[in-house]
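Colleague: Listed in order, the protein sequences are those of chains A and B.
Residue numbers for the first sequence follow this note's numbering, beginning at 1 and rising by one.
Residue numbers for the second sequence follow this note's numbering, beginning at 1 and rising by one.
Hints are computed from structural coordinates only; laboratory data are not their basis.
Do not rely on the hints blindly, as some may be mistaken.
Note that identical chains are pooled: a pair holds if it fits in a single copy or bridges any two copies.
When the alpha-carbon atoms are kept at most 20 Å apart in a straight line, the in silico EDC-like pairs for lysine to aspartate or glutamate are as follows [claimed, not checked]:
# : residue 1 : residue 2
1 : 28        : 165
2 : 53        : 96
3 : 139       : 81
4 : 112       : 161
5 : 84        : 73
There are 2 protein chains.
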Amino acid sequence: MSTEQIAACLKKGRGRPKQFDRDSALDKALEMFWRHGYEATSMSDLVEATGAKAPTLYAEFGNKEGLFRAAVERYVIKFAEKGKALLARPDCTVAEAVENFFRAAASMFTDKSLPSGCFIICTSAALSASSEEVAQMLKCRHHLQENTLRDFLQSRQALGELSADAPVAALAKYLAGTLQGMSVQARDGATQADLDLIVSTLMAVWPHLVNLSAERLQPLPVAVAEEA
Amino acid sequence: MSTEQIAACLKKGRGRPKQFDRDSALDKALEMFWRHGYEATSMSDLVEATGAKAPTLYAEFGNKEGLFRAAVERYVIKFAEKGKALLARPDCTVAEAVENFFRAAASMFTDKSLPSGCFIICTSAALSASSEEVAQMLKCRHHLQENTLRDFLQSRQALGELSADAPVAALAKYLAGTLQGMSVQARDGATQADLDLIVSTLMAVWPHLVNLSAERLQPLPVAVAEEA
């Protein structure tokens, strides 16, 4: 066993102080970041919110960015995975699965016990140009939502539940945009009923959306707009 | 003439230093706020960006909040009014006007010479809970977009260009959500072509959207989602 391996074992064995509850601290850090954004939240805010000692937070997460990354993972596990599970239900039609996904988002984005909107969308929008690395990570997460929707549509297309020429990539982008709009409106004070109205509108045109073909969605000439 | 009136005249007559170009300073302040958000932008950042002296900025705008409010007004005049003008063109059908409005937004949100996305949507999302007053002002502005779209649809409905039972309030909310989603995606690195794909998808289902009736959009039971 090398010196490095021994050091690693010792470090592992030493463990963290028993009184530190990592998940509970992460939940509180997540809420701070969600409510105030990455940059407006300081390490001392996080120390206060989590009730942990500063050295404990540094030992566990390295720095504010490390704590933020862990909070993002916590959010994904606690909330984003739920949406994915709703899409994965094989007993639902495509339309039912999409509706369940969006109704759950409408409910979660306006849940009074949580900050409004989607954590990833809110925090990403709040990042200034100076937090390039964190912005990059959030961009990937963001695309994860669109990718989750595209993967779902593709899997149902493979099963023959959507026509072979349904424009699944464009639909996923459109659905992700609707989800982001709902998050912005929730942050702006929209109620669950407001968001449910958007979902109802979406679902009312859903049969037409899935019947679009990729050709139909070629960008149109923008001549009229440019004339103005 | 009272002492107060004389003082007011003298103050007015004195004017501001000739070298201070209010609009140009506002344009630079607007870009700072747009790129970095309200809270992450300090008065010293604004002094540097505008090239004005700090006392000049304080005399002209009072404080950071005053400068921000003036920057919001500047944005509305420079950009938001353009969208309103596209909707107001009487030579366009409802669908053409909506498409012009959204294509112009896709173009502006991804204009390389400006920060990405809509200034109002980006800045509003970036506000922490501590800037309550500014948040309140932005909320009103935000609703202005939805209200602009609703006023447009209502005016065309009054002309008989939309059926009398078309759910204009719901449509305005849905369109505002789409616009907000486009702004979030632009901020996330979407290209004009990406946003144009969303606009094409929207326009492809537009004939079905305007044919919805208010009754059809009553919230559906969410039983399936809750079971999950």
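Colleague: Of all the hints given earlier, name the ones this structure violates by number, lowest first.
Modeller: 1, 2, 4
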